[in-house]
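K.L.:
For chain A, the structure is supplied; the task is to place chain B on it using the hints.
Note that the protein sequences, when read in sequence, are chains A and B. The first sequence begins at 1 in our numbering and counts up one residue at a time. The second sequence begins at 1 in our numbering and counts up one residue at a time.
Source of the hints: derived by calculation from the structure; they are not laboratory data. Given the structure is predicted, the values throughout are model-derived calculations rather than measurements. Take these hints with a grain of salt, some might be off.
Facing chain B, from chain A, some residues (calculated, C-beta under 10 Å) [claimed, not checked]:
1) 56
2) 425
3) 429
4) 466
Here chain A is said to cover these stretches of chain B; the calculated rule only asks that three of the stretch's residues, wherever they fall, bring their Cβ under 8 Å from a Cβ of chain A [what the hints assert, rightly or not]:
5) 46-52
6) 59-67
Built from N, CA and C at the ideal position, the CB exists for glycine as well.
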Amino acid sequence: MNREKITNRTGRLLAGAALSLLLVSGGMAPAFAETPADTLVQAWAIDDTITLDPAESFELSPAEFIGNAYDMLVRLDINDTTKVKGGIADSWTVSDDGLTYTFKLKAGVKFASGNPVTAEDVAWSFERAVKLDKSPAFILTQFGLTGDNVTEKAKAVDESTFVFTVDKAYAPSFVLNCLTATVGAVLDKKLVMEHAEAKTPSDEYKYDTDFGYGWLKTNYAGSGPFKIRDWRANEILVLERNDNYYGEKPALARVIYRHVKESATQRLMLEAGDVDVARNLEPGDLDAVSKNADLATTSAPKGTVYYISLNQKNANLAKPEVREAFKYLVDYDAIGSTLIKGIGEIRQTYQAKGVLGALEASPYKFDVAKAKELLEKAGLKDGFSVTFDVRNTQPVTGIAESFQQTAGQAGVNIEIIPGDGKQTLTKYRARNHDLYIGQWGMDYWDPNSNGEAFTSNPDNSDDASVKTLAWRNAWDIPELTAESKAALLERDNAKRAEMYQKLQQQALETSPFVMIFQQTEAAGLRGAVKNYKLGPSMDTNFLAPVTKQ
Amino acid sequence: MSAVARLKPARRANRRAYGRLKSVAGFLVVVATTYLGLLAVTFFIGRVVPIDPVLAIVGDRAPAHVVERVRLEMGLDLPYYQQFWLYMKGVLSGDFGTSVLTTNPVMADIRRVFPATMELATVGTIIGALIGIPLGVLAAVKRGSFTDQVVRIIGLVGYSVPIFWLGLLALLVFYARLGWVSGPGRIDVVFEYTFTPVTGFFLLDAILNRDWAAFRDIVSHIILPASLLGYFSLAYISRMTRSFMLNELGQEYIVAARAKGLSETRIIWGHALRNAAVPLVTVIALSYAGLLEGSVLTETVFAWPGLGLYITNSLQNADMNAVLGGTIVIGSVFIAINLLSDVLYRMLDPRTRSR
Chain A
1 MNREKITNRT GRLLAGAALS LLLVSGGMAP AFAETPADTL VQAWAIDDTI
51 TLDPAESFEL SPAEFIGNAY DMLVRLDIND TTKVKGGIAD SWTVSDDGLT
101 YTFKLKAGVK FASGNPVTAE DVAWSFERAV KLDKSPAFIL TQFGLTGDNV
151 TEKAKAVDES TFVFTVDKAY APSFVLNCLT ATVGAVLDKK LVMEHAEAKT
201 PSDEYKYDTD FGYGWLKTNY AGSGPFKIRD WRANEILVLE RNDNYYGEKP
251 ALARVIYRHV KESATQRLML EAGDVDVARN LEPGDLDAVS KNADLATTSA
301 PKGTVYYISL NQKNANLAKP EVREAFKYLV DYDAIGSTLI KGIGEIRQTY
351 QAKGVLGALE ASPYKFDVAK AKELLEKAGL KDGFSVTFDV RNTQPVTGIA
401 ESFQQTAGQA GVNIEIIPGD GKQTLTKYRA RNHDLYIGQW GMDYWDPNSN
451 GEAFTSNPDN SDDASVKTLA WRNAWDIPEL TAESKAALLE RDNAKRAEMY
501 QKLQQQALET SPFVMIFQQT EAAGLRGAVK NYKLGPSMDT NFLAPVTKQ
Chain B
1 MSAVARLKPA RRANRRAYGR LKSVAGFLVV VATTYLGLLA VTFFIGRVVP
51 IDPVLAIVGD RAPAHVVERV RLEMGLDLPY YQQFWLYMKG VLSGDFGTSV
101 LTTNPVMADI RRVFPATMEL ATVGTIIGAL IGIPLGVLAA VKRGSFTDQV
151 VRIIGLVGYS VPIFWLGLLA LLVFYARLGW VSGPGRIDVV FEYTFTPVTG
201 FFLLDAILNR DWAAFRDIVS HIILPASLLG YFSLAYISRM TRSFMLNELG
251 QEYIVAARAK GLSETRIIWG HALRNAAVPL VTVIALSYAG LLEGSVLTET
301 VFAWPGLGLY ITNSLQNADM NAVLGGTIVI GSVFIAINLL SDVLYRMLDP
351 RTRSR
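Isolated chain A, as found in the complex (with noise of 0.2 Å):
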């Protein structure tokens, strides 16, 4: 009886302190909150971000830091992409032998430190990036630029003149898509060689300095209309407005990135007000967002593009017809409407929307019975059986399962073998697989990144030296090859966009890349957020324009 008592009181004590507990938490947390009238808070996955220097960074959510706070010679003109206009440079020339490109800089830039943007600050930036020699130098180094001969080929005339030369008469778009990529970004040398620290030379490192390698990985050099301020890695990053920026400066004060992977708790916060935009909602939050009053959504087509690849040393695979049958067994509509609505727009020809020679064509519809006659023409009237290599994530597990199923009306019994990103991709590299899904995300924005990955294959021995899209199928195509590469050189912008769509029409008919869709960047925003607007690729996402009300 004494216990009951006790025990009571025991409990009433708890519920005392649990009591307590909720109201200390519930006293401290402020009421909805609103970010701050002059600052712009994403919620969005950066945990790709490993380092802030141009010269290495070669991943998605830097590619829009590196946008916004550099500037590059030239930039994407994002209403017309099939175009560049001047960033750093006002004016430039390209010689009658199509080797030397001359660029007048624009006068009085100045890097955000105040340090004034001359040519030398320009010849330096390139030298950098080829000697350091990180993922993305290819883009510069495909000019013919080596460490011996950098300094030679990309050269300060004078103060405001820089010359670039190139090893081949290449198409001058190509040249000048190539520059508007991040590795081009204009470093400013004097602030940047102040944190260098001296390097042993090596055989594997022949330079004396380490260019301020270290010291960039997480700072900021540049001359864009914002300036990084700060970066935690898989906490956050803070962009604010460069004052000594030439052109309109930006309406905001900053934009701070916070790293939120999850696609619900982006929501969470975005409807509470927490944060402005959310970057990586899901198709059933993406549709919640859209339906909110008090929130909007946005969406741009990106350079990335999902397909289904065949490799040819499977002998089955390796027929025409099978190839074609292929791209008959896709439910091109379902997947449209289901799987990748609001992420994705379905898309058959290889080369983005929006990119100089991007075909429009989509002949190939669901069809079980012209995939049968294919089949049967093949000798395959019974069907086969493969393996397909998938990686665990959405969309493309939902993709493949589709398609597994699609594909089984016409007797293709398809074994889905589930593997992490990273190890089927291995298997991919290898050429190991039997069907793969995959995805492609331009290099730069020039159709030659996904002209030659998709339609060029200079050597298809096991250990060739370019290892493209079609050499990892093993797909032998010397006159495609050809062509691409008389396609880099056509000097005439018309006759070179033909030139890709012929190669694109070409890859619809007869290559063993059956196309899915090309995806779409989507954003869920406040309803205060204007002029918000993203572009065709990560480092085109320009916040200049963005305001709040």
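P.N.:
Structure of chain B alone, referenced to chain A:
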């Protein structure tokens, strides 16, 4: 005779010192073999995973010569035993290598992510123990009653409901609907310009800076994820408390105490719980160590930049230096917590105290 009598205690002291030395040496050997085994197993698992580690560094697009150069730089052309030997040599001289994914020294990365996890785990364990122990005691005292069943259900739910789902639900209710707590992340963006982390333990940093506004904000950020982790460990702690308490309450000394006329409060809290506390320390210590590994799902839902996400991310990219570094840290945490609970044992249990 008298000389012998004088000698005896000295010899005994010697023998005791020798015994202690032996046990310390034995302990060190155990620790060393544990580490070696841990590292060897992790290392070789990492090498047989069918992922090309070079891919994680240079990405899918790098030209062949860059791939080849990086492969050589990483020593991946060497036989496995040589790679392991090189790694061990580095570790012994305090160099845990560089994470291929973040390109930072592994220990610098861990120093960045570990405080976040530790802060969350500590608050979570405190919440779990503060609520779990009384609940367990209550359940034991009212064994078989309705209260006992309720506690049992609370525990089972905490243990079996996926924390991912529970986390989202908690966010929806307490953050989005009621607005009682702050949302995901460790601190609000408005503190970006005033609050600079020094130790990485944000609560501590705020106290050190006497920044009470930031402190309140940090508490309102940590309370929800910590309560969830706390709930998860509460489930385990309350079940174990209940069974330890039942064991103690059935002992004769309890009957004796009751016969003596002691109040029930003193019997339960002063005698029974005190004796149950000894095994309970192990339970709490182990659940704390478990939380220190970092909880990937909680960290994902609450955008908490901790160790769990770091190691998972590294594993998926075959970033073995980072995984091995993480393994060493977690191993050390387990060993340290085991030591700590040994010490607590001695304090709580008179029998293990040396005279």
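K.L.:
Taking the hints in turn, state whether each one holds.
P.N.:
Going through the hints against the structure:
no.	hint	result
1	56	8 Å, holds
2	425	6 Å, holds
3	429	7 Å, holds
4	466	7 Å, holds
5	46-52	holds (count 4)
6	59-67	holds (count 8)
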